[in-house]
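Enquirer: Here the protein sequences line up with chains A and B, keeping their order. All letters in the first sequence, in the order written, are residues 0 to 119 by numbering that gives the first Met the number 0. All letters in the second sequence, in the order written, are residues 0 to 692 by numbering that gives the first Met the number 0.
None of these hints come from the bench; they were simulated from the model. Since no wrong hints were added, every one of them can be taken at face value.
Derived CB-CB ranges, DEER-like:
1. B:Gly102 x A:Asn115: 32 to 42 Å
2. A:Ala23 x B:Tyr649: 48 to 58 Å
3. B:Asp225 x A:Ser112: 16 to 26 Å
4. B:Glu95 x A:Asn106: 38 to 48 Å
5. A:Ala23 x B:Val408: 50 to 60 Å
6. A:Gly119 x B:Ile308: 27 to 37 Å
7. B:Asp195 x A:Gly119: 18 to 28 Å
8. A:Ser2 x B:His442: 47 to 57 Å
9. B:Ile330 x A:Asn115: 50 to 60 Å
10. A:Gly44 x B:Glu33: 51 to 61 Å
11. B:Asp217 x A:Gly44: 28 to 38 Å
Derived lysine-lysine pairs resembling DSSO-like cross-links, with alpha carbons at most 27 Å apart:
12. B:Lys303 x A:Lys56
13. B:Lys303 x A:Lys103
14. A:Lys21 x A:Lys41
Given the structure is predicted, the values throughout are model-derived calculations rather than measurements. Glycine residues also receive a C-beta, built at the ideal position from the N, C-alpha and C atoms.
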Amino acid sequence: MASILAVDDSASMRQMVAFTLKGAGHQVIEASDGVEALQYAKKQGVNLVITDVNMPKMDGISLIRELRSLPSYRFTPLLMLTTESSPEKKQQGKAAGATGWIVKPFNPEQLLSTINKVLG
Amino acid sequence: MSQFHQVFFEESFEGLEVMESGLLNMDPGEVDAEQINAIFRAAHSIKGGSGTFGFSDIAAFTHIMETLLDEMRDGRRLVTDRALEVLLRSVDVLREMLTAASGKGDLDEESVKAQMQELEAVLNDHVGEPASGSDIDAGSNATLHEVIGWHLVFRPLPRMMQTGNDPLRILRELASLGDMEVECDVSLLPGFAQFDPEECYLSWNIHLNGGVDRVQIDEVFDWVEDDCDLAVMPLHADAPELSEADNPTKKIIGDSALNVTEAEEPYGPDRRKSGDRRKGDRRVEQRRASAAPPSNSIRVDITKIDTLINMVGELVITQSMLSMLGENFHIGQVDRLQEGLAQLERHTREMQESVMQIRMLPISFTFSRFPRLVHDLSTQLGKKIELRMSGENTEVDKTVIEKIGDPLVHLVRNSLDHGIEMPDQRIAAGKPETGVVELNAFHNGGSIVIEIRDDGRGLDADRIRRKAIEKGLIEESDKMSDQQIYELIFQAGFSTADKVNDVSGRGVGMDVVRRNINELGGNIEIESELGRGSAIIIRLPLTLAILDGQIISVGDEIYIVPLISIIESLQVHPDSINLVAGRGEAFKLRDEYLPIVRLHEVFGIEGYRAQDLKDGLLVVVEGDGRRCGILVDDLIGQQQVVIKSLEANYGRVEGVSGATILGDGSVALILDIPGIMRLTNQSPELQLVKRTA
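Next up, chain B with everything else stripped away, as it sits in the complex (with noise of 0.2 Å):
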């Protein structure tokens, strides 16, 4: 059985998923039948399939939480907000206890107990239903019900031969599974002067005996599925024509073995359909994936593999063709071979678009998670909040997916703590009750963009400067635009929260959330208006595999500085330089005075051409929000570059985000601007907020 298990648990957690997002569009005294049903199946097939794998425990669980359900969907019992709170908490508690079935996890006996406790409070809530308590057993019982046999009723449509299938071989091949009796029906056998040799006149009516998989019957099926009439039903252990007496694998079942026939109808016209809603059903699946801890697998549409695989193919070839031009080369065949060597490079740029494309996933694997999270919360705070979603399907890098969710969980935290006020406060304001949370996803250039916007109280950038001077971060002469106000709650230890609450203020501060996406190459912009709301983008790159860079050279050395952090390149005029006592050189660019950093100093590089600032180029680059030109001796061209990670291979260096190998061999350093900006040792943000002044 224990092979089984895996798809079980898969199932099972798709099955959470179906309740959870039912359970939350289900309105209190509303029955909406669909609804419920799809609730409903979901605790069906849980329960039916953790009785048969042997975890009764989960079985007795699902059982009163089936129970519960049934009765809803039939409107005996009213769909109360307590049933649904209790419900959803139940939905968590079996999530527990099947990862902990799974073997990942600890399970906490008593939230178990307590739960169930609540359940049946519930239940028993209704005067005149019976005490589930003695049903529960009725679950494990579902452990019985295993299927010892299949009746397959199987009829070639006439022209099955003439694909060159030939039924005996099916029948061979069947009776290599297991113990078979074969009946044949030949009466549609036609008299002998309507007899075509050509066409498949019989049909069969199998008994297949033994442990025999549905997928094994199926896949023989596999070529002719569409070229005959078949039909396939398990037979159970307490089926009519096997109740032999002294038949070993004969159970006494209850009535939960009818359901599990019920559910195993004959497939031959419903195939199609349950393979479609299995497509369908792949995003759920893949979200499932995402409530498990980060792993080294990766689940991938197979088209994507298939499109890999035939790229390799063609890759194949252009190389055969190549190398058999190079054996017996002459000056004549030039074209050709640059022909070959054109079409190489296309498919090694193919190639590794492809191969990226196989580390993508959509960013719903994250997103997934909040519409529970805002529910939750909202109830908690007493506040009524709508969450609007978009671009779930975005495709983002799968470490992004993993390194994303807690930092988005705190902003939407913060929007919803924060943020949206109080309804009467809303009320109050002229603006509608129920506030807006909006998520959206998009693709922006060479970067993803994740929004978090809400229509709440907006950043009060008075109190955040108050504070900022309290906690000394900054000076009360110290003038600064809103946007650089803003700015400030990115600094560690700041929080404007008046009370520290269970939601938000839990010693997570932005400044986290800022190093957490500056870790994936990204930036973190906010936007407010104080009243109307605030939005705060988050700026991730592509792939974290391969970056855009500029390749620069400063004396002998070569570096790349990311395109994306790249506003513009210039030369510098003399007039436009100013010297700022104690803290280096500025040049203005348009209104604002920026830092310069010699890259040379930083990394202490001889025979540097640009002794002289006119003599070398200033790449005025941006990150954290902040700007500085670097001098550099060369701009020598843009490419992509494959990041190689120096932590892994060496050890980490300020300043440097990794490394890459260049066409020539070489290695070049990749710079990490906002390391070399605090390798600068002149706190630039302050800098740049006295300049600007």
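In isolation and in its complexed conformation, chain A is listed as follows (with noise of 0.2 Å):
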């Protein structure tokens, strides 16, 4: 079981990705945006980030770009949600220390299955 923070500022998102990851086990923290997430992040450690991208206050990319620069996140996993399949945004995540993508629309079998491998 992991603790998973999932970020987007969409509800039925969220819902459908805090459904899937407890329903296989894992602890899932709600965010709707990169400045909520970043709070919850710097009070309290979690493994594994899935976020979107186009967000109100803080992008997914800024955020990234801050959870990277703290020390106790500089080897976690952090994911993007992204519908933006085009090479400069996924660039730009990378660029700002993302670990992968995920392309939506993707289904929650995909979704798991890509969460498994990166917890490993």
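Build the complex from these two chains, which are given one at a time in their own frames, with help from the hints.
Expert: This is how it looks when you write it as structure tokens:
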């Protein structure tokens, strides 16, 4: 069981992610934007972060950059959920320190199999 | 293997496009190495692929083409007119073979055989060249070079682990694909003092056995593409390190296997490049799709879909915001409610626009067939013609792409056949020997304009007039402007070609062209100058699903008039109205007399207000080059309306092109202006002709 921080401004998306991951026995913390996520992550360590890219206040890429600069998140898998399949977005994410990405739309099985791979 | 067929066909049709356009760009006697190389590469991959996927007849056919191209490339053979023609025709035959192989058509075996013989004849033209018959089988050998495994060299950059990527995870994933042998390279491991536990010093040599798909391997490395050096090389059955005698997949392969190995270079540094190429080829790929029969599926640029998905996200947010607001609403929140509604409206509009965008495809889908058509026709007619195209990237509705092709072909054929003169006639007329046909597409206001211009002889108004009199379409005494005379060629059964030949005059007349264009909601016009050339101008609505409409009322009924057909709306002065014996009313608009159509008479509406002309409004409309004034009670407003088909939901009604649902839920009919003119049984065009006299 891992603690996973799911960040997305769309409630339905967060629910889908949370539902899937809880069903697989993980602990899921939800946040609706980068600022909220960062606050939580600083307070409490998590094993994995899944974040949307386009969000109000702080977008996913800035969140990843901030998290990666924190000593306790240097090696934590940070995944982006992205509709942008454009190489530039992925590139930006990678440059900010993202581990990888999951391209929307995805189904629960795809999400789980990716998460399981990353968590090992 | 069959799961790759679809991709193979797509690639191959793309390859055919490359070959065709390359061949069209080549001139006899000239060796453009790059051009020939491109054609050769396309032929080579078709050969390789068709062999691999079991289409040995295609492989054999392509093999001869490839041999011919190879000799041209090396300069062993001259690029002759004949060779180019034969190669072009071979591309056609190859296309038929591939279409048949993909199960979408029948193959004429005879024509394949004949074309093959012709190719061989060209090939054997060269003295001292060996007959190719004996090599043909080499192509079918291609079936044998299956990939039986992969050799990977995976060298993570020191920083790889700092993005949270673990090389072990990648090795685990690879192992799940098939039987794997791994060798770890520790040569870069530093001494203990220099060792930084946050960096990666190891690299791996991996043999992955079994029929693993390259794509699967690429997926494993997707995230770390830039954080490692990676080489992926296919292992073939005859690769030395795997040639154990008991290997059941071992097969003996000829030299063709080598070609494949060469093509599959280690992809580390090359990868990005090939990615770019794929992007660049997208247009070619899309064009290929145009050759296929009208389909119900649509290939959409991924960015358009992304925009749409984002938009849906926004919409969901706004919606949830509004429903939260609604749960506990008090009057103090009215500002927020209005704000939310405004946001909802904006998102809805943006979404409508992006959904419409999905149906839009570049006109190059249609234009791409013309270089070949012009090349073939001008050869056949013995004319020198240059085709210039512009605005190929102009986007039009998918339905337009599917339906505009035939009319355009007809118009271009007309230009080539009737418009452009023979070279000697052109010189005699003081014009350059080579005629120019232009195909232009561009946006203009809310519509798309497609022009076919030529610098040929232009329309001969006198001849058309005589012909029309002969056919009984007009009378000797009719006085008409040139423009009105040009309009006559759109009449059914009108053809001025002195003799019917192979190129035009196949019974499809300009009337059919006009009808097709009208069906798309567009119109067609002619500009011409005798001796200087002519232009056919087609105007089409931007989209066929949404229409800018003027809402009008007659009695209790509401109708929509397409804005594109409205010229102006006005109140008539009783003095400007004339009664024409047996033909109804007409009113004078500046220098022109226009017939008046009372909509309540056409549709039998009761309770209309405009008994007297001065009580109503006249909407001056144009359709099919004719004008009239439609009498309505009132103009209500302008609005974009979504077109719903009446035919699909009810049945065809003359004078009505469709229906729409208004904001209050009621249904309004959309008027078909040319249809209404026909309905008024006054034959408005003759009226027009006579009245302007």
